[in-house]
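Got two chains here, separate frames each, mind docking them using the hints?
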Amino acid sequence: MLITGIKSKPVYAPLQTDTRGRYHLMLAMGAGAAPLLRVIAEMRVVAGPSLKNTRVLFVSDAAAPEVEQFKAATVADLQTFPSTPALLERFRAILQKSLMGTRLYVAGPESFIGLAMKIALEFNLNKDEIRAEECGTLARRVYCIHCRATTEDVRTNIVSCIGCGRWLLVRDHYSRRLAAYMGVMVDAEAPGELPPLKEVFL
Amino acid sequence: MNDAQTITVEVIGVEQVTPLIKHFKLAPAAGGSLPVFSGGSHIIVVMQGAGRVHKNPYSLLGSPLALDTYEIGVRRMEESRGGSHFMHDAVEVGSRLEIAHPVNLFGLDKIARKHVLIAGGIGITPFLAQLEDLHGGSVPYELHYSVRSSEHAAFLQRLQRREGERLHVYYDSEGQTIAFETLLATQPLGTHVYVCGPVGMIKHVIATAQSCGWPDSHIHWEQFSAPPVGDAFEVFLARSKLSVHVPPDQSLLESIEAAGVEVPYLCRGGVCGFCHTRVLELDGELVHNDHFLSEADKAKAKSIMPCVSRANCKRLVLDL
Ligand code: FES
Chain A
1 MLITGIKSKP
11 VYAPLQTDTR
21 GRYHLMLAMG
31 AGAAPLLRVI
41 AEMRVVAGPS
51 LKNTRVLFVS
61 DAAAPEVEQF
71 KAATVADLQT
81 FPSTPALLER
91 FRAILQKSLM
101 GTRLYVAGPE
111 SFIGLAMKIA
121 LEFNLNKDEI
131 RAEECGTLAR
141 RVYCIHCRAT
151 TEDVRTNIVS
161 CIGCGRWLLV
171 RDHYSRRLAA
181 YMGVMVDAEA
191 PGELPPLKEV
201 FL
Chain B
1 MNDAQTITVE
11 VIGVEQVTPL
21 IKHFKLAPAA
31 GGSLPVFSGG
41 SHIIVVMQGA
51 GRVHKNPYSL
61 LGSPLALDTY
71 EIGVRRMEES
81 RGGSHFMHDA
91 VEVGSRLEIA
101 HPVNLFGLDK
111 IARKHVLIAG
121 GIGITPFLAQ
131 LEDLHGGSVP
141 YELHYSVRSS
151 EHAAFLQRLQ
161 RREGERLHVY
171 YDSEGQTIAF
181 ETLLATQPLG
191 THVYVCGPVG
201 MIKHVIATAQ
211 SCGWPDSHIH
221 WEQFSAPPVG
231 DAFEVFLARS
241 KLSVHVPPDQ
251 SLLESIEAAG
261 VEVPYLCRGG
271 VCGFCHTRVL
281 ELDGELVHND
291 HFLSEADKAK
301 AKSIMPCVSR
311 ANCKRLVLDL
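Chains as they are written, first to last, in my numbering: chain A, 1 to 202; chain B, 1 to 320.
Bound conformation, chain B alone (with noise of 0.2 Å):
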């Protein structure tokens, strides 16, 4: 993927729906409709922020029937490194933004005899989409949706009044918190469980399910790490013989791209795998924040995911 493939949109509508949470109505500058998108997809958005350009990726929340617009949901992260303040304090009706087309990697399964989707948070937004899905079809569903409070629980008003009983709830708040052990071991055969929130839920859920006995292939998962701060670093491209300098608030592939390289990419937040790159030299440590890569091979030190790993070094050499 690279810019030359994206669209441009306006923003027609902006939300303030929860404290830290706003919703973009985003359509098409040139008119028509959007790309087509299956539910769990999500879109990068390029923001041209003061003096730099910020690409998020978010997940796309509105009907897959509807092209005319497409919407996200945006929560402030506190350690942003700028992306989500841009879309806050800078994105208004009218501001124009670059998009790419919309990518999927938490797709539902489609010979699934159940689907039990689990959410925390802003980890609820590509299940609304699922839910255009879902709605209406033969198989069945749960929604299990855990929240900070009732002024934090986005979407809720659309998800209560078209979910009805298979919509559950659990308030921080209120000490209320999601049985998983009891979720997991009672599921009957077939089923899949989808979940997307904070790390620590993540984990949780993928280490119940798998001591209830649940497979790889009926788990699945979506986090987007934002590519974390770290000390500034310098690195030598190979094969485009390009010294690149890494500070602490930019992330070694937007490094590289401003630096007028370009890697592959579909989620930057380490979980697809394609900006995988191969590390020809080095001589400190990488520090692996991705998703992707198995234990094994972080610690062969061999590849690195560049849209959110960094490395403690004098000198790191890729093979770019």
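Pulled out of the complex, with its shape left as it was, chain A reads as follows (with noise of 0.2 Å):
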């Protein structure tokens, strides 16, 4: 019940570059490098050799083999991040002092394009200003409806919530705002009554 069919889950697609956008600010994590490579060659084609106004940020050890591919492709302004709070950080930052003409391309698990886009939203960044493509895990974060703690990394249907112990259903319905899909309370009706765990977001 619930799980699909509500219009709120985003839909993602392959990145692209935009060639419009004057400045070019790209995020990544793990798998999320591959389509950022893509698009760097991409834009290579286009703008030739010089990607000054490209900056990528990558959360990932420094000694990953995508850091040097990222310096292969001659990215002037690449920074590695331990993990995601420490990139959003930077992030964050970094859209405080940037201009108009700015584009944000974003690449990883969804739960890491969602704090991203939470983020680009403050900034009053619109859809055309950004792009975003999801690869890796599919694990979603759960905002309990009902004492609101975020429940991270869940890949089962049901989850214990984190905050309040109540077994909460995952649903479709997804909030831009918090960056996380909602969980309501399974047994509501029927204490104790719980369906079968299965592990369907990997």
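Calculated directly from the structure, the hints in this document are not laboratory data. For clarity, every value in this text was computed on a predicted model and none was experimentally measured. Idealized CB from N, CA, C, for every residue including glycine. Keep in mind that the hints are not guaranteed to be accurate.
[Said to hold, decoys possible] One-sided excerpt, in silico: chain A residues whose CB lies under 8 Å from chain B:
#1 L95
#2 F123
#3 N126
#4 H173
[Stated by the list, open to error] A few chain A positions that, by computed beta-carbon distances, are all more than 10 Å from chain B:
#5 A73
#6 T74
#7 L88
#8 G101
#9 K127
Below, the structure is given as structure tokens:
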């Protein structure tokens, strides 16, 4: 019940270069490096060897093979971060100083995209300024509508809320403002009666 | 929209503010207050001229908080087909006019982080009401106002008094021009730009913003084209089974209305898209003057915006 058919579930398309932008800010996590490298190669065809207005922020350890690939692609400004929160903090600081004409590219798991989008929204970036591609895990951030805690990295159809311990059904109803899917108490009517636990968001 | 929904107003003030612009104050003839509006809205003024009716759009320039009167500014157009001349020559204190409810096709973005307003000449009018909304708010803004010369700078004192440093005035007569490229290349993320003025200025602002990398969703403009004159032609309204003659100085929409057929409209200036009408048959070419249809749709010649567009043909059949 309630798992599919809800319109707010975000849909992503493969990343594409937006040559109308003047500055290109790219964020990636894990497997998200591949789409970014593809976009950078595409941009090079149009822009030639100089990619001076292109910046990449990447969640990964500095020794990851993708780091070498970004360097080989001569991205002038590449920064790696040990965690998503560290990257997002830097991202926010960059947006504070960014100018109109900036395009944002985000690639990685949906939860990563959601968190980046939430910040982009605060800066009034519209759909025509953002490109996002989902890759990697489908694990969800789940917001408990009862206690308002957010449970991270949820891979199952139901989950015990990190805040109040209630068993929540993970819905397809997505909030861009919260960057999370809604979780609703699953056994409200018949306490203790739970549907079988299944791994669904891998 | 149709005339059954109009409000009768009385002119309670007329002031010549520049050699070409008159400022009118309108109060509801029946007393009470006028409908609520937001900054950037316009009304359609219905004028009963000699032998014909004019319906022209004018931006509301007063405060959205003062609903006992509406204020409009009317520029005398060189090639006016009568509307602006009628307002200038025949309307005085005590005259009665019909107006349609305000419509906003040029509202401010509600979550913008900054607003840049660019006005040329009479294009200042929609911004006057928007500034009422912006003034005292927390969102930064600036106004760039370009005029022919100081005697043509309408409402300048009102603006100077209130806007101080946020107002930048440019006089053509002194050779001053807005440095669009610098202005648009240096705005913080989340800025929206709004432009109202002559066609050339609007096109230039849009092109410059785009070349600076601005996405379309952050670029806003408003321009009401007056319906241009053209050759007379005949139109057949298929559903009403009526043949209508369109004279050179009357728009297609006005001619259809004069024949007693209602067409929905909001702006009468080729912007809103409400008057969109299907073309069923055509043995010549359409003369598109609107800003609504895409170039591709214009080329297809399957639809027309009768408020400003015409045809060069022997026979035109519309789905009306
Ligand atoms: S009435 Fe608005 S486009 Fe014709």
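Hint by hint, here is what the structure shows:
1. A hinted interface residue such as A/L95 counts as satisfied when its beta carbon comes closer than 8 Å to some beta carbon of chain B; here the least separation is about 6 Å, so the hint holds.
2. Here the hint on A/F123 is kept, as its CB sits about 5 Å from the closest CB of chain B, short of 8 Å.
3. Contact between A/N126 and chain B, as hinted, is supported at the beta carbon level, the nearest pair being about 4 Å apart and thus within 8 Å.
4. Because the smallest distance between the Cβ of A/H173 and any Cβ of chain B comes to about 22 Å, over 8 Å, the interface hint for this residue is violated.
5. For A/A73, the shortest C-beta to C-beta distance to chain B comes to about 22 Å, beyond the 10 Å cut-off, and the non-interface label holds.
6. Distance to chain B confirms A/T74 as a non-interface residue, since its nearest Cβ pair spans about 22 Å, more than 10 Å.
7. With a least CB separation of 16 Å from chain B, A/L88 remains clear of the 10 Å interface cut-off, as annotated.
8. With a cut of 10 Å on Cβ distances, A/G101 falls inside the contact zone with chain B, its closest approach being about 3 Å.
9. Not every C-beta of chain B lies more than 10 Å from that of A/K127, the closest at about 7 Å, which undercuts listing it as non-interface.
Of the numbered hints given earlier, the model fails hints 4, 8, 9; all others are met.
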